[in-house]
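Asker: Now that you have both chains on their own, put them together as the hints suggest.
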Amino acid sequence: MADFLFEIGLEEVPARMIAGAQAELAERVVKMLERERLVAAGAKSKSFATPRRLAVWVEGVAERQEDVAEELLGPSVKVAYKDGAATPAAFAFAKKAGVAVEDLEKVSTPKGEYIAATAVKVGRVASEVIAAEMPKELAGIYWAKNMYWRLGRPERFVRPVQWMVALLGSNVVPVSFGGHEAGAVTYGHRVLFGEQGITLAGAGAYESALQKAFVVADVEVRRQKIRKALDAVTRTVAGARWREDEELVETVTQLTEWPSVILGGFEKEYLVLPEEVLVTVMRDHQKYFAVEDVGGKLAPHFLAVLNTEADDAGLAVIRHGNERVLRARFNDARFFWEFDQRVPLTERVALLEHVTFQKDLGSYAKKADRVAELVRLLAMKAADGGVSLNVNAAVEAARLSKTDLTTDMVKEFTELQGIVGGLYARAQGYPAAVSDAIYDQYKPVSMEDSVSRTVEGAVLAMADKADTIAGMFGLGMEPTGSKDPFALRRAANGIVKILAESGVALPLSLREIATSAASGDQKLAEKVRAFFVERLEFYLREAKGQAYDVVKAVLAAGADDVRDAIARAEAVTAARGSSDFEAVSAAFKRMKNILAQAAEKRIAVGSNVDGALLTEASEKALAARSEELAGSVKSLGAEKNYEGALEAVATLRPQVDAFFDAVMVMAPDEKVRANRLALLQRVLGDFSGIADFSEIVVAG
Amino acid sequence: MTEIAGKKSALTFQELLFRLQRFWADRGCVLQQPYDVEVGAGTMSPDTFLRVLGPKPVRIAYAQPSRRPADGRYGENPNRLYRHTQLQVILKPPPADIQEMYLESLVALGIDLREHDIKFEEDNWEWPVGGAWGVGWQVMLDGLEITQFTYFQQCGGMDLDPICGEITYGLERIAAFLQDVDSIYDIVWAVEPDTGRVVTYGEMRLAEEQQFSAYSFDYADVKKLWEHLNLYEAECLALLEKAKGLDKMDELTLKRFPVLGAYELALKCSHVFNLLDARGAISVTERVGVMARIRALVVGVAKVYAEQQRLVEAMTEVVAG
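Chain order of the listed sequences is A and B. When we follow the UniProt record's numbering, the leftmost residue of the first sequence carries the number 1, and every step to the right adds one. When we follow the UniProt record's numbering, the leftmost residue of the second sequence carries the number 1, and every step to the right adds one.
If we strip away everything but chain B, and leave its shape as in the complex, we get (with noise of 0.2 angstroms):
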């Protein structure tokens, strides 16, 4: 642990990242890298949208900037980001101690629990534009909601079997509350061992917050934002069309059919919406119409991924058979 002036010792940014990382990697999962499209939130990588689906058992954790443009508020409020950082945890199948093991994540993070108060609240999930949704709690540590706690149980429209357990754990939030700071930007990100130099959140994304909430509310040209939605609407619904023809495939046509490409477009139409959304372009008319458009497309990459899935499976069992 690192000293911080005048505060007791806890974790920086950085560390708090490893330490979770590390915890998970030693129960199991596959430390994957950020997704590098847009998105809303965690859950809305590949890592997890597509991983739940299908029996394949699946243990991975990420960290994923998550971009919300509407929550920008210019660098201004201490407490609310535009983009802000989650740790996304997937268990499929869910140990039956995932609870005590996420726990666990807490004290390796030099949480003495003995020391706190921990409840878990009734909070349930739910993704309507990914036909997703789970049951589960916000964890709450002194009052704080440091976790959301989901047991999936939808995904795309589709149930899921395995169900999957989904950990997120909000960083900067977690990191604030452990260095004892009122303002998200005075969290210590890092400090260089010789200089002692503190590398604040602020120093590195302030710009950011400021720049990205200029453009979302005051510069984004909302005509080329619709243009890029029909664009990319367009782009992924033509492969979606295509992917009506997956089960008349050869094998390698099959595996390389771009259900991937489709969703990162779908991605795009999401975030595209969100800029819209925040621009103050969409009507409460207009937005049920554009969520459905939008629902179309992530539930269709779904239903698509799952067939390739099990296509794919089904030759290989064919060829070993």
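So that you can see chain A by itself, here it is in the shape it has in the complex (with noise of 0.2 angstroms):
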């Protein structure tokens, strides 16, 4: 037993693509040396990785396989045997199974008697099997973008490979991979301790031979080295905080390999330019951490995450070297935003003319057409609806939510469209109502971002969305498999989620929106609204964890009303604990197929029940204990009490289940069989407006 540690050393990764590749990287490893039956299932492992290297080192690892013994089938025994000799066939199949004409055994198959042999399949020693197998593994790691690099073009990976490590024990396994043999040699940080090698005494001393090396490879370790640094640093400053960013974190954590955290400041007159846009520049261009104040608010200091330490006249010169760089950045921001500001968002509606939103659909002017006056259709149910909202703010801001597509601003820093349209609003005069709405137009932008604050933002996010869709729609260019090139999906599951999240509930139906979208055509108005409905599964499942069949109940009964569809979901899924429920449900899941039955054989079904020709006590029952049942339901539905109702539904299950055990549906008299499925219809209709309970599966 030894322990196995590969490395393979490359030229900087991205740091988007590191964490994906080390734990495949260990997958792999670990999973062929439990096929190659090197070391037993669960064996302990560990991964590395820094922009330069992803490792792997794997415990107990077995010096060679074991033999097994393999079980091999031959030629029939009339081919084999020859008047009970063995012919020349036997001969061949025992010298290729390794045995003696005399070992050959029989054995009987479907298609007759063969001859068989037990072979012994010697294993091989480690090494020889690891060399064999880790290029493969290696050429088989997914990466998003590859590359080759070597002349005639052998092998395509993420960079150059620049050396590999790999050790059994402290021994070299010959593996050959991207031009180069593994050694037992690797590297440490490129600056902080230069490019002669480390030669590794044992797969058990990489970690540490790193860590003197100035590499932390263990990426936890790392992301809290720089966690901790951050806070230290920032504690320098008085009531300082920096601001949370997990997704930062990572990335610098995956562009470091030793890395250490600087403070740096700049001039406060830059504070005078939108948070947003100071902190895009921090985050988004420069990967510097934001830091605020005691209240909250932006503090003029960012925190850079080095990749080398350095003395106090280093760190010096490197954090001046950052603040330059932040300077001439913010300066651009200003240069922008000052320059912006010299044509107002009003005299670029025009300009919005030039500015193609999709080749058929025509300019952004005029999707801000379009756009505007579905706002003012969806305001003005909502109003109708009870809802308090400024419709007239809607529709300005409607007009001149795409305007910010012309300013500089918004070409420089495109992850702030519509959040710098609302700060021009804002800069400009216009009312919160409308600034407010430009500035979340785009909100939610994905499954775990919040909806806008504002119900105009809301209405406006809809219908911009909305608009997308059915143009895109009608063009034919709707969402396939996995294909989404205009992320109409996550559209569609953005209108989903404010209909079910806005602060105010509002009264628009998916049908609704779908409907006043595809402006008067029918087709497109359905296709859209189908594409809707799928989305609130989507939403039902997997933002509300309600499972598959509950969902498809629910929608079956309705499925335009976001909240309702939400709450019928909720409360069936509370329901169904309860065994009189489930008994229920099933009973409806049978009722249902008789009805298709009936259909399918084109029996007749009664118009109504007939209370005359009910004739057994347990039909009787059900009909009376149904009816009297159904008013209630149906109140309670009303109410929205949908707890009650299901628990009210739940309460049939006697007369159900006598039912069942007592009547035959099918009855040979043609009256009243018609009538018998007369009422089995009547129950369902009765009880089906929260969910089709027929869809719900019944477990045992």
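Read the hints as simulated data drawn from the structure, not as lab findings. Treat the hints with care, as some may be off.
Restraint ranges, calculated between C-beta atoms of paired labels, are given here [unchecked claim]: (1) B:V107 with A:K31: 39 to 47 angstroms; (2) B:D180 with A:E275: 23 to 31 angstroms; (3) B:D218 with A:L271: 33 to 41 angstroms; (4) A:P300 with B:Q210: 28 to 36 angstroms; (5) A:K46 with B:A296: 40 to 48 angstroms; (6) B:E227 with A:A432: 24 to 32 angstroms; (7) A:D360 with B:E227: 25 to 33 angstroms.
Note that this is a predicted model, so its numbers are computed, not measured. In this text, a Cβ means the ideal position worked out from N, Cα and C, and glycines have one as well.
Answerer: Here it is as structure tokens:
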């Protein structure tokens, strides 16, 4: 037994790809060793990664594979023996299997009697197996973007390979990949340690050897080191806090081998620029953390994570350089801010005619017109439904919503689209209802993002997304399979999320939004509505964690009112725990099947239930009890007391159980049969308003 | 190094260029002069765009003024220029230690790496109009992007073999960093040794920034620009049409066929397009169409160039054999 260490050294791997590749390499190596019977399942392992290396260590690798007995099937007995003597075919097979002819066995198979041999497959030594398998595993690693680097283009990999280490205990495993032979030599931090190699004494020496060479190979240790340093450095400013930003911590962790943190400052005068702009410049363009003061307001400081350590004089040089860069960036931003303000948003509306939204859908000017009209329609409906909102402000926001696409600020900082428009609107004196709506127009950008703060913004966001969806669907550009180049699913998810989570409930149905966006095209409206319902289904499952069958049952009973669908789904999930409810659901499924069969066989169903034709006591009881219950279930449903309604439905269990125990629905008498089917149809109809219970999957 | 008033010693702009040129010349690069047709980036010079094609090894370096009309700021923005200067280094095939060579070049500029924070951050490069792309990094020095480092993978829509390493230094940025000035215009370009008189970047180039910004934003005649574009395009297309007979040409006619002339015409189109764009004369709808037209020229030239090289090579082999 020995420990196995593998490291591949590379030129800087893109930060976004490191975590995935680290996990994949570790999984591939462990699985390969298991598959090759070199480690037992569940072997202890650890993986490492820095921008310049990926590594994995596995404990307890066997020196060689154990021999295994293998049953080989040969020719049929008829062919192998003639007159009781082995034929050349039998000899050939025995030779191939490595056994004597006398040791051949007979086995019976479905095809008849065959000869067989138990051959011993001799295990190979571990280093031979690993040397043969590792290149395939390495070549199989997924990279979002690959490159060629060697003459003749022999292999593609994320970046050029610079070295490899493969050690089984203290012995080198001759793995060959990317033009390199693995050895026992690794490399430390390029600047702090220099380019000389470090010869590892054995597989276990890896982490500590690198630590001495200014490389923290353990990603988690590096992440914690950065977090601690961010805290410590921020504490040097009284009352300051760094803005938590997990994604940025992750990025800088994957950009460094030996991280340290410096605090830099900038002139207070830049704080007149909007915080959003300053933070975007720092975060997205410089990978700096923003710092806030006691009151949560942006402070004139930033934190930069370095891939080095330096004495005070060195740090001063680095700080000075970073401050210079940031100042230049802020100067750009200020230039754009002032330059852009020379042309007010109202004048920019005309400029939108030159900005294409989509080839066949025309310019952004046209889009703004369509969205404004849609906003007006939806806002009026909301107002009619009792929601308090400023219709004119919402429409004005829609008209101005895309004008920031013509500003230099957005051309430079595209990620601030919408936000810049909102900030300019505020600076140019528009009321908050307008500027906030513009600011929030793209919200939510993801399932995790929050929805607009204001109703006007929520309506604008929905209208903008619905217009894009209807427009693209109209051109036949709906998403297919995993392809969704215009992010239409995300847009529709946004609409559903807004309807589900906006501060005030919006009395807008998916059908109304689809119909309005499709501006009268019925076929298109139906396609868009179906797409919305599909996204509502997704939302119920992914965001609300509802079971697949509950979602299906609920949406079968109505899918236009998002909040109502959520409430019904939650009630069904709560109710399905009760055995009575489950039994009733199962019975409803049976009823539905019977009716489906009847329809298939063209058996007549009565148009209503005739009490005189009810013969059995249990069917009379079901008819009476269900009729009695229907009214209260309906009124509970109308009050949106769905749990109460479902509890009431569940009380039907004795009657449905007794009915199916005693009554044969398909009675020989045509009239009785039609009447019984009518009863089942009435029961299903009366109780399927909340959900189609026949869709509920009953355990057992 | 020249002492610059009050600052620690740093290279002048021209010394910076000398150092880098000397450095790469010492590593086998042929020093070429800037290309004398307007280009938006050093990559577009035929010394990169065409020489990366085919199997022939290349080591070349040149300082290339690059014109980006839309980036003009009338000389008012301290960090942005209508025309800036790139030092372009092409190494085909890239040596295995190309990254180390690059880092040594920084040391040659007087940058002590142990005193600075250097990172290679993913930044892939793409020029769709040229059917060219590669993977690589922006090299960050104390938070400043000083270099784009690219492993070219495709050019003219063709796979490269060998691939090629491209190092592009932003000279103004590096000079401003080394000299610790906040405005490009304050960069010391040269110092007269006998008088001590300092010549700044602004003194040499501010007027150009002002006037060319005004030209591309305010004066350029849109109608004429479109005419230029159409004329250059037509001439380039005519040459590409004639190039269809390349394989039937005798050796002398083949060698003299002006593919390089066709490339210049395509570059002219690209620059006129950039001017129209800066002038606000191209709608986004048109943009896609015009870019496709220019792409047809640029990629077309690259293919013809590769074919010409191949045919010339084949003829030489026949003669040699």
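Asker: Are the hints correct? Go through all of them and say.
Answerer: Evaluation of the provided hints:
1. B:V107 with A:K31: 39 to 47 angstroms: 44 angstroms, holds
2. B:D180 with A:E275: 23 to 31 angstroms: 29 angstroms, holds
3. B:D218 with A:L271: 33 to 41 angstroms: 34 angstroms, holds
4. A:P300 with B:Q210: 28 to 36 angstroms: 33 angstroms, holds
5. A:K46 with B:A296: 40 to 48 angstroms: 54 angstroms, violated
6. B:E227 with A:A432: 24 to 32 angstroms: 50 angstroms, violated
7. A:D360 with B:E227: 25 to 33 angstroms: 29 angstroms, holds
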